[in-house]
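Each chain, letter by letter, is given below.
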Amino acid sequence: MSDIAQLFATDPLKLSRQDIESIIKEFRAKRSAFNIGNMKAGSTKPPTEKQKQMLELGEKLKIGGLDL
Amino acid sequence: MNSSFDTAGQYCWDSTSLTLATTCWRKYYYKLIEGWTPDSGSAHLRFGAHYATALEHYYKHLANGVSPEESLILVIHEALVETWEHEWEEFDMSIADESGHRVEKQRRRVEGTGHPWESLHNLKTRGNLIRTIIWYFDHFAEDPTKVIQLANGKPGVEYTFKLPVDGDIIFSGHIDRLVSYSDNPYVMDQKTTGSTISQRFFADFDLSIQMSMYTFAGKVIYNMPVKGVIIDGAQIAVGFTRFERGITLRTEEQLNEWYQEMMDTVAEGRARYAKWQDSGDALRAFPRNLSACGNYGGCEFREICSKGQQFRDQFLRGSFTKGEPWDPMKAR
Chain A
1 MSDIAQLFAT DPLKLSRQDI ESIIKEFRAK RSAFNIGNMK AGSTKPPTEK
51 QKQMLELGEK LKIGGLDL
Chain B
1001 MNSSFDTAGQ YCWDSTSLTL ATTCWRKYYY KLIEGWTPDS GSAHLRFGAH
1051 YATALEHYYK HLANGVSPEE SLILVIHEAL VETWEHEWEE FDMSIADESG
1101 HRVEKQRRRV EGTGHPWESL HNLKTRGNLI RTIIWYFDHF AEDPTKVIQL
1151 ANGKPGVEYT FKLPVDGDII FSGHIDRLVS YSDNPYVMDQ KTTGSTISQR
1201 FFADFDLSIQ MSMYTFAGKV IYNMPVKGVI IDGAQIAVGF TRFERGITLR
1251 TEEQLNEWYQ EMMDTVAEGR ARYAKWQDSG DALRAFPRNL SACGNYGGCE
1301 FREICSKGQQ FRDQFLRGSF TKGEPWDPMK AR
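In order, the protein sequence lines correspond to chains A and B. By my numbering, the letter at position 54 of the first sequence is numbered 54, and the numbering carries on one by one without gaps. In my numbering, each number is its position in the second sequence, counted from 1, plus 1000.
If you are wondering where the hints come from, they were derived from the structure by calculation, not from laboratory data. All of these numbers come straight from a predicted model, not from anything done at the bench.
Derived BS3-like pairs (lysine-lysine); straight-line CA-CA distance at most 30 Å:
1) K14/A / K1105/B
2) K1060/B / K1154/B
3) K1191/B / K25/A
4) K1060/B / K30/A
5) K25/A / K1146/B
6) K1060/B / K14/A
7) K30/A / K1191/B
8) K1060/B / K25/A
9) K30/A / K1146/B
10) K1330/B / K1219/B
Per the computed footprint, the stretches of chain B lying under chain A, defined by three or more beta-carbons under 8 Å from a beta-carbon of chain A, are:
11) 1080 to 1093
12) 1123 to 1136
Virtual Cβ for every residue (Gly too), placed ideally from N, Cα, C.
One chain only, chain A, in its complex shape (with noise of 0.2 Å):
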C-alpha cells in the first residue's frame, strides 16, 4: 500500500499534520504533472490575435467556459 493509500485508510481522527500535509503535498505534485500533460495536449493550431486577447482576458480574470 502507497504512502497515500495507506494515509487514506487511517481513521483521520488519528492523523497528525504532517500527514495532511503530506497528503496535501501528493495532490499538489499530482496537480503539477497533470498541469504539465495538460499544456502539452489539445490543438496545435496557434491561436488567433482574437482568440489569444480572449484568453488573456479570461486568465486574467480567471472566467472560464470561453470555449474559444
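Place chain B on chain A using the hints.
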C-alpha cells in the same frame, strides 16, 4: 411530519422544493412528502455537500485571520473526518450560559472505529473529493473575487436565511459566500459535474431557480444590489479536476417575473396538497409530468413511474430508501 408544512400544505420553500414542484408534482410528492431517496444516488449529494462545506469553512477561517495554508489543512482534515464512517457515542456535556447551567446529551465520534466512506459512484469518491478541494484553492490562489465584509463587521460567508415573503410564505436557503468582483456584489456558488465544462454549462444557470433565489435573497438580506451568482464549476474526472468560472446575471425585471412564477407555484402546491388531503388520492393530486422524465439524463423515479400503479410501491421499496423528507425549514 415535514416541518415546512402546515395543515394547508408547504409554507417554507427553498430552491430545491421549488425546482421539484416546477419539474414534476409526482417527483415533489415522492421526495418532499414521502421522503424517498435512491439507494445509488446519494454519492452526488454527499460529495457536493462536503465540497461546499470545505470551501465555505476555508473562507470562514480566512475571514477569522487564519492563513491560507493553515485554513487548507483545517478543511482537509475536516473533510477526511466527515468522510469516515465512525461509530458514535453519547456523552453528557456541561453547558453554562445566561440561562444558567445545564447538562445536555451530545454525540461524538469514537476514535479507532469505522471505515472510509465507500462511494457507489466512480467519480464522486473520497479521494477525488480531497483532490478537488486542494486543487480548487491552488487554481484560484490569485482570486480576483473578495469576500465582502458586512456592515456588522462579519464576513459574508455561511448565511442561512428564512425570508418572509407574501402570504405568510417563507423562502429559505443558504448562501455560502457574498463576494465583490469588479466593485459589484455577487453571491458565490460552486457546482461539480462529470462532464466537460463549456459555455452551455453556465448558460443552463440563466434560468436556474436556485441562482434566482440566491440573487433575490442576497439583495434583500444584505441590502446590496446583488447582480447575480458567480459559479465555480469543477469537472471531476478519474485522474484530474478541471475548473472553470462563469457568471449568471439577473435583472430586476427578471427577478420580478421569477418571483411571481414562484408564488404561483407555491399556491399551486398548497392547492394540490389540499386536494390530496380531501380525496386521499395522491397520484391524482400530484400527477407525473411526462415531458420531464428525460431531463438531465433521466429522472431518478423514471423506472418507478413507468411501472403500473399497483407495482410502484414495491419497486420504490426495492431500490429506494424512505427516510426523512427534504425539509427546507431544517436544511443546513
